[in-house]
Each structure stands twice: as structure tokens, then as C-alpha cells.
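The hints should help you fit chain B onto chain A, whose structure is shown.
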Amino acid sequence: MKAAPFTVLWLQSGGCGGCTMSLLCAEAPDLAATLASANIRFLWHPTLSEETGDEAIALFEAVLSGAIRLDALCIEGALLRGPNGTGRFHMLAGTDTATIDWVRRLAAVAEHVVAVGTCAAYGGVTAAGVNPADACGLQYDGRRPGGALGAEFRARAGLPVINVAGCPTHPNWVTETLMLLSAGLLHGGDLDSYGRPRFYADHLVHHGCPRNEYYEYKASAEKMSDLGCMMEHLGCLGTQAHADCNTRLWNGEGSCTRGGHACINCTAPEFEEPGHAFIETPKIGGIPVGLPTDMPKAWFIALSSLAKAATPERLRRNAVSDHVVTPPAVRDIRKR
Amino acid sequence: MSDGTKRLVVGPFNRVEGDLEVRLDVADGAVKQAFVSSPLFRGFERILEGRDPRDALVIAPRICGICSVSQSHAAALALAALEGVVPTDNGRVATNLILATENVADHLTHFHVFFMPDFARAAYSDRPWFAEAERRFKASHGLSVREALATRTTLLHVMGLLAGRWPHTLALQPGGVAKGADARDKMRLLATLGSVRADLEARLYGAPLERVAALADAEELDIWRRTGPDGDFRLFLTITEDLDLAALGRADDRFLSYGAYPQEEGRLYAGGTFAAGRLGSVDPSAIAEDHSFARMEGREAPHHPFEGSTFPDGADETGYTWCKAPRLAGLPFETGAFARQVIAGQKLARDLAAKEGANVRSRVVGRLIETARTLIAMEGWVKALRPGEPWCAQGALPQAGRSFGLTEAARGALGHWMVVERGRIARYQIIAPTTWNFSPRDASGQPGPLETALVGAPVRQGEKTPLSVQHIVRSFDPCMVCTVH
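Chains as they are written, first to last, in this note's numbering: chain A, 1 to 336; chain B, 1 to 485.
Same shape as in the complex, but just chain A:
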């Protein structure tokens, strides 16, 4: 007899749908094949399912009553508490009930609760600025534990909310999390201190960044489209951002830094409020305020001044150009 499928119900609240759009980019194998291989079945997904209106509501009710088992509740988008704690900034269409209330009720019957994306995890961009909708994450309100479900929440299987943070999420972060859950292979110790799966959060965006040679010699980009390291002047947080974007690429062979833009640390709570313009690096006495993770300041200053003194001319010139103007020298290896 075939084992019962691992069932997933996916709802969207105060977000942009971008994590779903990203999920559809799963490849080699594609999304359907990936999920099928792990016997994962979407009970309902806003983009993929046929059921609309009354058919969809009947399905939610069946989950709540226990008639249909729910292995994972996936929430995409922030949870909206406003105005005045009513949740009426997002009513679940056709139900006259706030989505945040549906989410709380469904979370209570789910074996696992998964926050897909930084909005659902911590509030994200939806909670930026004056936070007009009083947005928060499922179990975090920015950096603070709490959020829509409360700091003490544990899903039926015992885990807190699993925060697959990212803005958007890489398709494989989501599929691999669901596959690990369905295989019973994701435990408390597999989540980092912000509830993110360590299989991708134990890496830094800096790892595998093709600009690493520029970083080593502090050969810095000065303007958009330059080839150099973007940490010193253009706000890049790749040395502090927890994600494997430069070793697990996006859309074939991309990443933010490969696309010429600074990493904005979108897997972190409160990335939306860096306290300065995203493409500027705040500095004190010419030294960037945010130093690479785990690096003592004195060492950074010593190493970077040494590195700057030793920067090869090739990197110094290429760093401020939009294409390679000085290629690496070709040496005859027999003369080495």
C-alpha cells in the first residue's frame, strides 16, 4: 500500500507572491517532479489549485475539523494585525474573517508550520517604515520573538515555526525543507537562532562570490556596474548574510552580487531597515561599520590596509570598470 502523502496547505497573506513565483522556477527536476519524488501533495495552493471560492473554503473547513490531515501549513507573506488589532487589513476573501485568524486556527492543527519568505518569518518589507498594516511574522516581530503565533508556539510535531527566510526564497530552500520534514529529518538543532534551516543558513553569501579576489585585496567598486567588491562603498552585506546564494545559484547562473548589486541580507530579520540607503556603506573613520561575521575589528583594519597596499594593478583597474580592462597575465608554465 502506498504511504499517505505528506500534505501541504499554502496560504498567502501580506506579501507579494514572489516566493511562489520563485518556487515555480524549481528545476532539475522541476517542482512537480521534486514534490512527487518525496510524496508531497499540495492540498491547496493559491496559484496552482483548481478550487476557487466555496470549494476552497470547504477544503479549509475539512482541515480544521480533522477530516483531512495537515502535515505542513505554509504561510507566505506577513501577518497583518491592523487596524487596531482587528486583522481587517487582510480578510480572507469570501469568508468575512481575518486571515490572521484563519492562520492561527490552522496552525493549531498542523504538524509543522513553515514561514515561506522573510515577510512570513519576521515581517519583512511589509513591516518596513511606519508599518502601516501592523505587519509581523508568524513567530517573530522583526528580531523579537512573538509575532502572530507567540514565542511559545510549537506545532503538533514539536518544532517552532520553521523560517525559510529570504526575499524571495530560493525554490530549493523551500522544496528541501518540505522534503526533510516529510522524511522526518528536520529537528530542532537543524534550525539556527532565527529559526532558519541551517542547510542554507550556515553559509554566507560571500562564499563563492565571484568578486572574492577583489574583496581579498580591497579593490572596491565605486559605482553601479563596476566589477570590484561592493562591501566598502556600495552597501554589500554578503560577508554577514546567511544564505548560500553564490554556491547555489539562481535562475541558472545568477545571484545578487553576480548581477552587479550589493547583497542586502534579505534572509535576516529587519533587513528592510538597514538605517541607511541600501546602496551605501556606513563608515566610521573610513572603516565600514558592519564588519564580516566573526572578524575582530583590529584584524580587519590591519588586513585591509595591508591588502590595499598589495593590490595588484590588474584588480585596481578592473575594480572600477564594467568589463575586464586588464586580463590576468598569461605565463608560460614551463618557465616557472
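FYI, nobody ran anything at the bench for these hints, they're computed from the structure. These numbers come from a predicted model, not from an experiment. C-beta: ideal position from N, C-alpha, C; glycine also. If a hint is listed, it holds; no wrong ones were tucked in.
Listed next, with one range per pair, are the computed distances between beta-carbon atoms:
id: 1; chain 1: B; residue 1: A301; chain 2: A; residue 2: A151; range: 38 to 48 Å
id: 2; chain 1: B; residue 1: F311; chain 2: A; residue 2: A277; range: 23 to 33 Å
id: 3; chain 1: A; residue 1: E313; chain 2: B; residue 2: E307; range: 52 to 62 Å
id: 4; chain 1: A; residue 1: A157; chain 2: B; residue 2: E421; range: 44 to 54 Å
id: 5; chain 1: B; residue 1: D222; chain 2: A; residue 2: R198; range: 57 to 67 Å
id: 6; chain 1: B; residue 1: D182; chain 2: A; residue 2: A33; range: 25 to 35 Å
id: 7; chain 1: A; residue 1: G285; chain 2: B; residue 2: R424; range: 21 to 31 Å
id: 8; chain 1: B; residue 1: G194; chain 2: A; residue 2: R156; range: 43 to 53 Å
id: 9; chain 1: A; residue 1: E253; chain 2: B; residue 2: P262; range: 22 to 32 Å
id: 10; chain 1: A; residue 1: L303; chain 2: B; residue 2: E307; range: 45 to 55 Å
id: 11; chain 1: B; residue 1: P387; chain 2: A; residue 2: E313; range: 15 to 25 Å
Chain B residues, not near chain A, derived (Cβ > 12 Å throughout):
id: 12; residue: A214
id: 13; residue: T227
id: 14; residue: R402
Quick look at chain B alone, frame taken from chain A:
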């Protein structure tokens, strides 16, 4: 309601981007009145206030994960106008490629994932085409659905190469793009587009893209339906004829496009208006948003976006949506791929506009025609990229000023209006395509295009979520998260 009219509330409305609820007054087996509601408010315009203007390039795309590049493009255009910077040639062409990639990907997603699965519903199991529709378009399982997602994934490799990633690429800049392409990138881009072309010609159209782009009138379309090559396009035409989708979902036939894809001279798709059979130009100063039936403060008069505001009124009972009502010279306008192709002068689109106006069939045909035309243009743009020449012009932001950026998303006309004071965003207003299409009523009681298009939609005995309503709504390819921002 004593006159036999009954009220249906339809939601959650899925396979649209974002949240949608539709209230219908139904009598004698048809919709008498429709009220379209966006039940999700996030308030991006307020979120942008007080920030460094350049942050708009990071924040605004996150309004929407399905058309994030077009949001990014509108913000980049507004910033470019503020800085007085003109993109480099490479920057302009690469921006066209990035935006076109998103728009084509959106059209593919809409047709295969959002729209066609409705014809694989059990309610149509007695139709002669049903078995084929089910085989190809069953939600999430259909052969064409899966193949189209694979093609879309391949297409989005353009983003990986030129823009880092999608959605929420950060590559578009006021002066061009953040990353250049080299000779090898051009070859990869051509290989990617060639693969997409081959997929679409094999499955969607069954014919060369050029044949689709050259379709000139309704008669040629009919010949395609009767004797044309086998493909999802022809299956759609068969279904359309059987269900008479050309008679479903007509609105006011007033069309709006800001124009798309600037070239060395003019745009690939010229902008303007088209109403009562005549082309006109868009006067941005005649655009205003009305709040009468939006749950927003500021109801006393319509506001031009430079004077607009976004203060939600959670206690209000007259408003029935968080969506404002944009008007051009006081009138609602429909926008989208069909509008764009009509205004750009594509012959089949013009002929359909003259003969039957915008309806479920012509809106979908507009997208499929545009997909072919845009892909052909993209191949030319890749060849026009010049490695070694500049990709991004540099500008400097003034401490104060106001500007706007107008572009085209897959769903139609998108505009951002920005006011900067003391180096910060003092006011930011966005009018998205679906804000035009799914607008509520205004002070004079004029319904928005979808509200008009739904009137007369047939409702079968016992239907709580009428299929005709679903076809009409999805024919617009709505993006509700953009609508309300």
C-alpha cells in the same frame, strides 16, 4: 432582496496574483451588478515615505513578485527623470530584455497556470474538447502546464545572466543596468531564447512565431481555428468558439498604454489611448485617483498622483475595497496586452477591437500575439548588446524635486510618481495596471472596467462561484497585490 435578485460573494479567488473578492447581484440567470474588492492592504506608498529615494529600487519591486521588474523599472524611470540621467544604449537594451523576459514569463504563466485550467473542470466534461483540455490543462498536473513552467524556467535564465535573479532583481538602475554582458553571455542568451522559441513553436503555437505575429484579421484567426496547426493556441480557439467567449466580458473599450521598450527611435509598442475607434495621446496631467468607494481618506475630490495620499480608513463603511479608482480625464480605461497591441497597431488586435472589442477571447489573443512579437524583438536586442561599451550612466540626486516614471507591465500601464524633499521621499504614489482594470466605482458612480465586464455574465443554476465570472476575471490577468500595493 425581494425582487428575486440574490447576492453572491465569491472568494477566495485564486489563480490570480494576490487577493480578490467579487460581490455579485444575480437575477434571471445573469449578473446584474458587480462590486470588485481587494481585501488586502499593505501600504507600500507609506512605507516608501521618508526613505532615501534610491531605496525605491529595493522596496518598490517588492510590491509584487510577479511583475517586480516593471515596478523596479517605473521607479528607475522616476529616479532617472529626477537625476536628469539618460541610460546608455547598452543599459536601455538590457533593460528592455529584462522587462520583456518578465512580461513574456507572465503571459506564459497566465495562459497555462491561471487561465486555461478552468476549462479542465468537471463542469465541462460533456464538451467535445474536454478530454484534450484535461490532458493538457488540469490544474498543476496538465502536460502543457508542466511544460510551460519548464519553458518559463528556461526563459528566466535571462534574469540569472543579466539581472542576478528573479523576482526582485536589483539590477535596473536610472542610468542602465548594474551588470554588463560579454560575448559569451550573448551566446548564452541566444541559446536560451532559441530554446524558448522552439518550445513555443512546438507546443503553444505549432507554427513559427512570425506567423503568429503576422495574423492580420479575425478571418485569419478563424482559419487558424479551423485548419491551423495543432497546438494549445488552436485548442484555446476551439474552446472559445464552442463557449462563445468572444461574447463574454466586454467593458467600455477605452484602452490605455504608456508604450513599451524604447528603441533607438520610438518604442517597439507605441503608447497612447484608443477609444471609439480613434487613437489619442496620454496626458499624464489628466490622470487622477478617486477615493469615493475606496476605504481611503481624501474623498472630497479626485487627486492627481503628485497630490495623492494613502491613508486607510478602517472604520469606513461606504468603501468596499482598498483599491482606488484611477481615471484619465474622468473616465475609466482598460489596460493590458490587448490594449497595448491595439494601440501599437498590431493588425489582428485592431481588427478584433473594431469588430468585438475587448472580451475574454480578445484579451487572451492579445497576450499570445504579444508573446510572439516580443520574443522576436528580444532576439534582436541580444544581438544589439555591445560588450566593452558602457552599461550604466551615473547621475546625482537633487535634494528636492518631483518626477514620474511610466512603463508597461504585462498587465498594462504602470506609473510611479515621486516627490523628494530634503533628500528624502516626501510622497510616493503608484497606479498599477490592475488598479485601472479592477477599480471600484467613482464619485459619479462609474464602475471600473471589470465591474462593467461582469454585467450580463451568465450564472448557471446552483453555481456559487460562477464559471463565466472566473473566465472574465482571469481574462484580465489581475495582479491584486499591485492593485492595492
